[in-house]
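Spelled out from the first residue to the last, the chains are:
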Amino acid sequence: MSGSGRGAGSALRVEGLRAGYGKITVLWDVDLHVDEGELVTIIGANGAGKTTLLRAISGLVPVRAGSVTAFGARRLAGLSPARIVRSQVGHVPEGRQLFPLMTVRENLESGAEYLPHARASAARNREFVYGLFPRLAERAPQLAGTLSGGERQMLAIGRALMSDPKLLLVDEPSLGLAPALVRTVFAALQEIRARGVTVVLVEQNVQQSLRISDRAYVLENGEVVKAGSGAALLGDPEVRAAYLSM
Amino acid sequence: MDLSLLPQALVSGVLASGLYALVSVGLALAIGVIGIVNFAHGEFFMVGAFLAYQLFVSFGFDPLLSLLIVAPALAVIGGVIYLSTIRFVLKAPELNQMLLTFGVGIILQNLALVIWGGDPRSIANVPYRSIGYQLGGVSVGMVPLGSFVISVALVAALYWTLARTPLGRAMRAVAQNRVGAGLVGLEVNRVYLVAFALSALLAGMGGVMIAVIQSPTPTVGLAFTLKAFAIVVLAGLGNVRGIVGASLLVAVAESIVATMVPGGDALRNAVFFAIIFLVLIWRSRKVA
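Residue numbers (the numbering used here), protein chains in the order written: chain Z, 1 to 246; chain U, 1 to 288.
Only chain Z is shown next, with the shape it has when bound in the complex:
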């Protein structure tokens, strides 16, 4: 991972983004920006378009209008997921999308194997991943399909880190996990950010995610309706009423 530190420039700029599935448009003219080294969270209700936003950035959903730019110059819209990950934009997707009949080690190595820039730093990144999630080192020879939900989440994050991302998109990492594992995953995200990797997090666990975020966006019906620092949004009465049941 080769992030260049906080505040060094733009890591991600999304302008007028429209995306959807078939005849349905999910995102309507979404604008957002993320600076290098930031941890930015996207919150919103089910169906607000959070996952679609990450999928559009990483090329899994075609962009219908607007632009997505990474690191100031690299235009991502229209590129395949494989080319986007070559631009050092990693994605920990919804559902983890692991290779169930490969071992934990093979899953991790696959994150670097097809990317020349990542192969060079594979040993260093593997060491970081095993330090972050020692459980993965213990489970290295085990098939990914036999892991628990928490271990799968760790592996999905680990595999994305092996691609040596400067920008990491993380979709609902706490979904379905026990509270202790949620704390592990959130601590890992902070550590990843501390290494200089910019993180864009989509999360339903609003309180915990806003606490660790520099900034956050609130998405409703495919549009950005609010933005601000994590602390400010935690104190926002509308956010508290809508997402924190307060």
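These are calculated hints, taken from the structure and not from any lab test.
Where hints are given, some of them may not hold.
[Claimed, not checked] Derived DEER-like restraints, expressed as beta-carbon distance ranges:
| no. | chain 1 | residue 1 | chain 2 | residue 2 | range |
| --- | --- | --- | --- | --- | --- |
| 1 | U | R190 | Z | K23 | 27 to 35 Å |
| 2 | Z | Y130 | U | Y133 | 31 to 39 Å |
| 3 | Z | P100 | U | P166 | 13 to 21 Å |
| 4 | U | I106 | Z | A178 | 38 to 46 Å |
| 5 | U | S284 | Z | G149 | 26 to 34 Å |
| 6 | Z | A45 | U | A92 | 30 to 38 Å |
| 7 | U | G236 | Z | P141 | 18 to 26 Å |
| 8 | U | M98 | Z | R64 | 46 to 54 Å |
| 9 | Z | P62 | U | I106 | 46 to 54 Å |
[Stated by the list, open to error] Covered, in the sense of this in silico footprint (three residues per stretch, anywhere, with C-beta under 8 Å from a C-beta of chain Z), are these stretches of chain U:
| no. | stretch |
| --- | --- |
| 10 | 200-213 |
| 11 | 222-228 |
Ideal Cβ positions, reconstructed from N, Cα and C, are used throughout, including at glycine.
Put chain U on the given structure of chain Z with help from the hints.
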């Protein structure tokens, strides 16, 4: 039933299983990696047979040499068919995919009929076709033995490729999770293309061998398509070792009936599919 023929039947069955396994792993590759049910698979086998035949009659090429020409030719033909047809139906309903591949198969078959006619064609004049070995009471022809050795070598090479090489890992990754494969930097459509070309190549190499073993007609492909499907279903998808085992089972059973039962040669195909039916019924009961 003459039990003294059993050793001969077993050996003939084992030798025939190599070709079944070769054609079946190619089909399993297309189904497993791309998710396409390819009814044209046997026609790649037929094209391989007739290309080898043509190379033999036009240039006197030995079939062993033809393997080196037919293999890349079939990979190119498979690749062109993938790019011009298959890739457009990858997200279509399975029925549409099946109809498309069935149509591709019919076109290939009819092209072969136009070019070579409907008569059986054979590469009969190779010197080793008449060579055989006598081991105890069992006779082993050089051609079936050679076909078995080459088939086993190709299946082993595919197994090794899938297990040990970056290309094999890429194909396994795409087969197991297409979304995940894209996110680790694999151009999924390129992997599909390679897998389909490789699938056609394997079938085509099997075809070269059948042109020496039998006297195929342009309709030889359909029977092999159906048999390969049956073997893949029996073995389970993505299971090369299972395909080898299933090929052995059906080829030996087929051979035993054809060799030992009076008039059994006519029952060859019936035995083949009867075994498949029985296994499927047994499996569905286990699931229920």
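**Asked** Taking 8 Å as the C-beta cutoff, is the stated coverage of the stretch 200-213 of chain U by chain Z satisfied by three or more residues?
**Response** With 0 residues closer than 8 Å to chain Z, the stretch 200-213 of chain U misses the three-residue bar; violated.
**Request:** Using the Cβ atoms, figure out if P100 of chain Z sits within 13 to 21 Å of P166 of chain U.
**Result:** Cβ of P100 of chain Z to Cβ of P166 of chain U: about 20 Å, so the range 13 to 21 Å holds.
**Message:** Within 31 to 39 Å: is that where the Cβ-Cβ distance between Y130 of chain Z and Y133 of chain U falls?
**Reply:** 56 Å, violated
**Request:** Using the beta carbons of P62 of chain Z and I106 of chain U, state whether their distance is inside 46 to 54 Å or not.
**Result:** Distance hint for P62 of chain Z, I106 of chain U is violated at roughly 34 Å.
**Request:** Confirm or reject the claim that A45 of chain Z and A92 of chain U have a C-beta distance inside 30 to 38 Å.
**Result:** Since A45 of chain Z and A92 of chain U have Cβ atoms about 34 Å apart, the given range 30 to 38 Å holds.
**Item:** Supplied distance hint 46 to 54 Å, evaluated on CB atoms of M98 of chain U and R64 of chain Z
**Value:** 32 Å, violated
**Asked** At a Cβ distance under 8 Å, does chain Z reach at least three residues of the stretch 222-228 of chain U?
**Response** violated (count 0)
**Message:** Assuming the hint says 26 to 34 Å, is it satisfied by the Cβ distance from S284 of chain U to G149 of chain Z or not?
**Reply:** Check passed, 31 Å falls within 26 to 34 Å.
**Prompt:** When you take the CB atoms of G236 of chain U and P141 of chain Z, is the distance between them in 18 to 26 Å?
**Reply:** 23 Å, holds
**Message:** A range of 27 to 35 Å was offered for this pair. Does it hold for the Cβ distance of R190 of chain U and K23 of chain Z?
**Reply:** Holds: the Cβ-Cβ distance is about 29 Å, inside 27 to 35 Å.
**Asked** Regarding I106 of chain U and A178 of chain Z, is the given constraint of 38 to 46 Å on their beta-carbon distance met?
**Response** 57 Å, violated
When the structure is compared with the earlier hints, violations turn up for hints 2, 4, 8, 9, 10 and 11 and for no others.
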